[in-house]
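Enquirer: Letter by letter, the chains look like this.
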Amino acid sequence: MTNKKKYGLFSAVIMGLGGAIGFEIFALLNYAYFDLAGPSMISALAFCGIINLVTMLSYSELSAALPEVGGEYTYTKVAFGGIISFMAGCLRWLASIFGGALAAVVFVDQLGVLFSVFAPPIQDLVLVNASILIIGLVVILIVLAIRGVEEATTFIVAAFLAIFILFLFMSVGYTLTPQNIVPKASPNSLVVFFATTAYIFPMFVGMRALVAGASQIKNPGKNVPRALMITTILLTVVYFGVAFVAVGVVPFDMPRTVGDPPLLNLAASMIMGPVGGILFAIAGIIASISSVGTAMSVQSSILGGMSRDGYLPNMLQKIHKRFGTRYIAIITSSLFVIFFGTSGAVEFLGYAASFGSLLVFALVNLSLIQLRRKMPRLDRPFKAPFYPLTPLAGIVMSILLLTFPVILRDVNAESALLSSLGMVAIVLVTYYLRMVKREIDFNRLRVAVGGICFGAGITLIVLTPSIAPLSLFSIMILVGLVSIIAGILNIAASARKID
Amino acid sequence: MFGIAQGVIGVLSIFLALLLFLNLLEVQTVFNAPPELLPLYLLILGLFSIFSVINGFFLIKEWWR
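If you read the sequences in order, they're chains A and B.
Under the working numbering, the residue at position 262 of the first sequence is numbered 262, and the numbers go up by one with no gaps.
Under the working numbering, the residue at position 62 of the second sequence is numbered 561, and the numbers go up by one with no gaps.
Hint data in this document are derived by calculation from the structure and do not stem from the laboratory.
These figures come from a predicted structure and were not determined experimentally.
Treat the hints with caution; some may be incorrect.
[Claimed, not checked] Computed from the model, here is a short list of chain B residues facing chain A with C-beta under 10 Å:
hint, residue
1, Phe501
2, Gln505
3, Ile508
4, Leu518
5, Leu542
6, Leu546
7, Ile549
8, Ile553
9, Asn554
10, Leu558
11, Glu561
12, Trp563
[As the list claims (entries may be wrong)] Which residues of chain B face chain A? A few of them, derived with a C-beta cut under 10 Å, are:
hint, residue
13, Leu537
14, Pro538
15, Leu539
Every residue gets a Cβ at the ideal spot worked out from N, C-alpha and C, and that includes glycine.
Work the whole structure out from these sequences, hints included.
Expert: If you want it as structure tokens, here you go:
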């Protein structure tokens, strides 16, 4: 199948905006404003734009030099190959899973906000049956994705921009009173500021859709970097403007209860009346549905790509005979979206999506440095300026944004980081199980796993008296003993076969 | 036999992690699990379950041969 180049600069910018503008602005600003940084969230937004711009310079160079389908996965594969590219693909997939799950949660929230305007009893019904609605939404989108139904990206982007411009226009006559939009120069304020930046970062990452579709863009060496820069600037300006108005009309210390509309919906109803509330709720619903659909498409293509390269089982690249879509990959990814979506944990999912993307950004910046060293004569229509400062700045920023929310002791961030690290451990195990071929390597792996279980069993038996309730004492001792014996059996069986 | 037992333990650990996460059947109260330590418990259970399943799989594969 050949990729026909059919998109010019304008379409490329629409692609970037379409990937980025979505449900995140309806979900993430709420916690960032009311629970984290208050009015200085606006500065965090601007800072996000700057960080994104720096990393997009790396993306621009890589996408211009390697305009193949695959995005980050392709860049890390060419630069490093092996475990690094597998890790990049998996992290990208995980970030997409968490993003899709968050979008599904926001769909239910916005549906509730819509009904709160003219049918409050239905809002209660919606919130109580949130899990069922999320499952229903994902199942419908699975069917559409398998059938290969494409969304009208241009229309959605145009509609969103129109709504935001209307919102900004109508705020002109309104008295805006945002105060303290610049964070104070104290250690705690700066930690909160960086944590907020990390939390709202997913608002920008969707523009990578432009990079993933670079093979379809005419003259990609010039148009992709230009489109990335234009998209980043446009997005930062729009987000900054909308957030400035929202923060200006909604006091951050106003009393809040469960079920209150999110920040943007509240600001819209204050400026534009009930019509504004309804308009933004509808926009939020459309954005969420679109984001879940996009996430499914991204997830399935990542799984399909890694399956094609031998990292994952072949069945994931199986194509539906009638619709020509990777239906097994779509269904597999969607099950994870349902699992995380039904948790309803917006703050956790926001951080988790952000952390996955930040790790991928760090790997992309590393890939840029590696390719400059490994392939200095590669044709680079666009070169990231101020090299190596730009990729190094991107890596440092990614690491800082990963750590500050944890320093803040934000429980949601800690849960998200631990979950992300746990997923990374699963990715490593999956890789080694998949890629180990030689009999001796297999037996070494078996000894290693046996050793881990042996150690885990001993640890469990030692810790049981202090951590286990009396009712579960004997069960935990039994589990520990089984782990010890099973571990010894694997070690003994494999050790004999290793030279 | 130990392979099957270890595999079953691994799968049950996943279920336990799910129960803890969703707090079904009030398991958080049963285990006196403080909410701030919940992610740590889930991580430990998750890793333990993975390695238990893999360990059990190796033993079953050996027995099957």
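Enquirer: Now look at each hint and say whether the structure bears it out.
Expert: Hints versus structure:
Restraint check, Phe501(B) versus chain A: the minimum CB separation of about 5 Å is within 10 Å; hint holds. Because the beta carbon of Gln505(B) sits about 4 Å from the nearest beta carbon in chain A, less than 10 Å, this interface hint is met. Hint on Ile508(B) holds. Least Cβ distance to chain A is approximately 5 Å, under the 10 Å limit. Checking Leu518(B) against chain A: minimum C-beta separation of about 13 Å lies over 10 Å; hint violated.
This hint holds: Leu542(B) has a C-beta 5 Å from the nearest C-beta of chain A, less than the 10 Å allowed. At about 6 Å, the closest approach between the beta carbon of Leu546(B) and any beta carbon in chain A falls short of 10 Å, and the interface hint on this residue holds. Interface hint at Ile549(B): satisfied, since its Cβ lies 6 Å from the closest Cβ of chain A, which is below the 10 Å cut-off. Annotation: Ile553(B) was flagged as interfacial toward chain A, and the flag holds, the nearest CB pair being 5 Å apart, inside 10 Å.
A distance limit of 10 Å between C-beta atoms decides the matter here; for Asn554(B) the minimum to chain A is near 4 Å, and the interface restraint holds. The criterion of a C-beta within 10 Å of any C-beta in chain A is met by Leu558(B), whose closest approach is roughly 6 Å, and the hint holds. Because the closest C-beta pair between Glu561(B) and chain A is about 6 Å apart, less than 10 Å, the hint holds. With its C-beta approaching chain A no nearer than about 13 Å, Trp563(B) sits outside the 10 Å limit, and its interface hint is violated.
Interface hint at Leu537(B): satisfied, since its Cβ lies 7 Å from the closest Cβ of chain A, which is below the 10 Å cut-off. The beta carbon of Pro538(B) comes within 4 Å of a beta carbon in chain A, closer than 10 Å, and the hint placing it at the interface holds. Satisfaction of the interface hint for Leu539(B) is found here, the shortest Cβ-Cβ separation to chain A being roughly 7 Å, below the 10 Å cut-off.
Of the numbered hints given earlier, the model fails hints 4, 12; all others are met.
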